[in-house]
Amino acid sequence: MSDNIPFLKVKKLSVRYRTTREDFSAVSSVSFDIQKGKTFGLIGESGSGKSSVGKAILRLIPSAEGSVFLNGQPVHGLQPKNMQMIFQNPYGALNPRMTVRKVLEEALDIHALALGEERKPAIKQLLEYVHISDTLLTKYPRELSGGQLQRIVIARALAVEPQFIFCDEPTSSLDAHHEVLIIDLLVRLQKELGITYLFVSHNLPLVRWIADEIGVMYRGEIVERGSSEDLRNPKHPYTRSLLQSVPIADPRKERERMRKVIDS
Amino acid sequence: MKKFALCILLAVLFQALVIPFFSEANYDTIDLQNANLPPSFSHLFGTDDLGRDIFIRCSYGARISLTVGIAAALVDLVVGLIWGGIAGLYGGKVDEIMMRGADICYSLPYLLPVILLTVVLGPGLFTVVIALTITGWINMARVVRAQVMQLNRQEYVLAAAALGASQTRILCKHILPNALPSIISTLTLTIPAAIFAEAFLGFLGLGIQAPAASWGTMANEGLPALEYYPWRIFFPIGLITLTILAFNILGNCLADEVEIL
Amino acid sequence: MSTLLSVKNLSVRIRSRDIIKNISFAMDTGECIALVGESGSGKSMTAHALLHLLPDDTSVSVEGTVLFSGANILEMTKSELRSFRGKEIAIIFQQAQSALNPLMRVGTQILESVLTQNNFSKQKGKEIVLELLEFVGFPQPVETYNSYPHVLSGGMRQRIMIAIALACNPKLLIADEPTTALDVTTQAEIMKLIQKIRTEKNMSVLLITHDLALVSGFAEKIYVMKDGEIVDRGTTDYIFYESDNSYTRMLLAQKERWSCNVR
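Chains as they are written, first to last, in numbering that gives the first Met the number 0: chain A, 0 to 263; chain B, 0 to 260; chain C, 0 to 262.
Next comes chain A alone, as it looks inside the complex (with noise of 0.2 Å):
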């Protein structure tokens, strides 16, 4: 059974970026709540704010105002052993001059974990997870491909047990092949390990598709927010403009739908 309180409450979440130039709202007043064990979406295109969002949730953006509860409790500084971040762009997130299998040791490292003989186990353990064999942890970065780095980026967000995961549109650098893959190893690696995700896109297919509730996003705020199918048929205008800029792949109801904006 569950009880209703949220696994994760953002309540007014702000950011602000204040330079000598200009002072600009990149989130204004988002709130939501994620139930544990499922993936919130947010769709939102470049400069909605959908980025800064997650990263504030994380406190990795110290000038955001707001409130945030994991499990019932303010989060008030950084928690890493229970929210972590994945990356859009899986090279540039992890350094250049670390190998694998540093990169995976410098996480258990920072907070002590698995330490000793339980220390190689316990890497071998993460590489099982995201399906990498151990013969890649000698090599660095630039000798792996972009889905093969992108694992290892969640093999590192995984290597300290966060309960979330704030995913930043981490299949987007990817071609579509890789794309497949690694949704289907976060959507397994949420019914094995329970996480829950906020996974972020501008991919509306795809978001609609791995998220349970999804929020839109424009311009710092959520414009409209609900299930998969409630959006089939989005009220507010720029979730409709959203819908009707996908290109679907059938040239008949292209043409069709063309015909309507002309009409219209």
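In case anyone wonders, no lab produced these hints; they're calculated from the structure.
As the structure is a computational prediction, the values presented were derived from the model and not from experiment.
Where is the CB? At the ideal position from N, CA and C, for every residue including glycine.
Treat the hints with care, as some may be off.
[Stated by the list, open to error] Okay, derived cross-link-like pairs now, DSS-like style, lysine-lysine, Cα gap no bigger than 25 Å in a straight line:
{"#": "1", "chain 1": "B", "residue 1": "172", "chain 2": "A", "residue 2": "119"}
{"#": "2", "chain 1": "B", "residue 1": "172", "chain 2": "A", "residue 2": "54"}
{"#": "3", "chain 1": "A", "residue 1": "234", "chain 2": "C", "residue 2": "191"}
{"#": "4", "chain 1": "A", "residue 1": "138", "chain 2": "B", "residue 2": "172"}
[Claimed, not checked] Coverage of chain A stretches by chain B, computed from C-beta distances (three or more under 8 Å per stretch; other residues unrestricted):
{"#": "5", "stretch": "67 to 81"}
{"#": "6", "stretch": "89 to 96"}
{"#": "7", "stretch": "106 to 114"}
Given chain A, put chains B and C in place with the hints provided.
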């Protein structure tokens, strides 16, 4: 290219360290009977107006030049790392104040503080090193600051922060190793600059005092005799040139290699 | 409806590697066709080769014929090419946004394009530029004329690139991945603009992309490229509904991968 540079440097080093032990003569051994002799077997680089063997003097001069060059470069490195590192990490007002301070230092007419130092501290090796570092550190500080600022924005730094890494760990394990190519490159280019600066000061008469010799002071002494005894200026200057060239080549090669790593 | 562009047996070898292997296709006036393939398929290279844009050195060898309104582009001299490109065929490239000079106002950059191929006075040229700016969707053409590239968004800069391409009224517009790196709403707007160019300016369009879905509503004919070869061809309806080609089916399946709601 690199082997060429290393050979030159090893030769100079050899000359600096080994030769003096094997010669009977010293850098200040005067032999007026044999003054101004051209290069020969007994005096490889000839003699100067006091009959001192120029080859020996160059060897001692090599010690001075190399010591000064490396010492000054190391001081520049330490000061530059700290200054640039702090400015780069903290940014904002701290960065503004620190870098504007550096700019002011940079715009000082270089010779003025050098002369002042010479007056206050008296001439000598120590004074020269200090004088060279007055403005030398600024370049390193700028390079370090630029690198730190750029690397701080990398996603793997954010990832390390998200993992709970301390600032120190991030600095030591993520930022500095990746800033290494630029730092090494700048360092190996600072050394020849320092060597040249010392030679320049020596040539002007500031710096090492007679009878001790650096390549610069030897060039100074050899200038009036250029027309008649050209070897007296040719060899010191030749050594300055070769050494600076070798360091520059080495620096570039190193930077490339560390980059590929 | 006459043949505008006819590519026959086009092959490109770079340093003894076959990049494009003997491809042939044709385009009629007023048509819109698409070259679709994944990265590495050679589709961008085809666009470069078509316009004789590949370097003329020993490592590159180009064979075949590219007939445009009867004239073989691959045999033109440098000066012929200069008056040919832009005036007859215009091309907008991938990452076109970064092809704008950051130090020059965008209006001036379009003006340059107009005046290079025509003998108009600066005044007349400027009028044409303002018209173009309005055509590509800028409601305040004068303001846009005086703007620098960095104040414009990615989508706006792409429109400027399109304006530059349209400046000399070419018969054929080649668009090489015109919407990569753009948001999906901006992407739709750019595609709408390309459609507008087709209908209002009666221009033929060759679209090069990796996204089959993008061209499903625009192209009449599609050529599927893989490893430098054309592996499938046909009308759009044929490619999407009838083709049995395994590679085409794979590309289509990839497009549909998130469309079913079964998790």
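These are the hints, each one checked on the structure:
no.	hint	result
1	B:172 <-> A:119	holds (22 Å)
2	B:172 <-> A:54	holds (22 Å)
3	A:234 <-> C:191	holds (23 Å)
4	A:138 <-> B:172	holds (18 Å)
5	67 to 81	holds (count 3)
6	89 to 96	holds (count 6)
7	106 to 114	holds (count 3)
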